[in-house]
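J.: Sequence:
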Amino acid sequence: SNSVNVFLGLGLPWMIAAITWQVIGPSAEWNARYQQLDGLDWLGPKGFRTQAFVVEAGSLGFSVAIFSTFAVLCILLLAVRRMLFGGELGGDGVPKWISGGILCCLWL
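Sequence positions in the sequence shown follow this note's numbering and run 23 to 130.
Be aware that one or more of the hints could be misleading.
Have a look at the derived ranges for each label pair, beta carbon to beta carbon [as the list claims (entries may be wrong)]:
id, residue 1, residue 2, range
1, Gly108, Thr42, 27 to 35 Å
2, Gly33, Asp63, 22 to 30 Å
3, Glu110, Gln58, 51 to 59 Å
4, Pro117, Ala50, 54 to 62 Å
5, Trp64, Phe92, 53 to 61 Å
6, Gly112, Gln44, 32 to 40 Å
7, Trp43, Asp63, 51 to 59 Å
8, Gln58, Ile97, 44 to 52 Å
Worth flagging that the hints you see were computed from the coordinates, not collected in a lab.
Everything numeric in this text was worked out from a predicted model, so none of it was measured.
Just so it is clear, CB atoms sit at the ideal spot from N, CA and C, and this is done for glycine as well.
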């Protein structure tokens, strides 16, 4: 399950971006943005860098906060279902579909 999550969450978007980059190719926007940027010495000297797919590092704080919030909401939903319906899965039609809809929205 974790490998699927990593592939869909990181690998698939990265692959799509890399293929798009390869098909579209170099651009003036890339030159303006990355030719003089510090930290990209592996692409060559400033002003003469070969163009490559660059992903700048960012802060994970926001992503971790969203993930943690949604994880807590999911666990709370399962706890409420256990108290009200005696289990986490199945049950009557309407509550089952509402719970499923909420979980799908959290997943998106």
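J.: Just pull the numbers of the violated hints for me, sorted ascending.
T.: 1, 5, 6, 7
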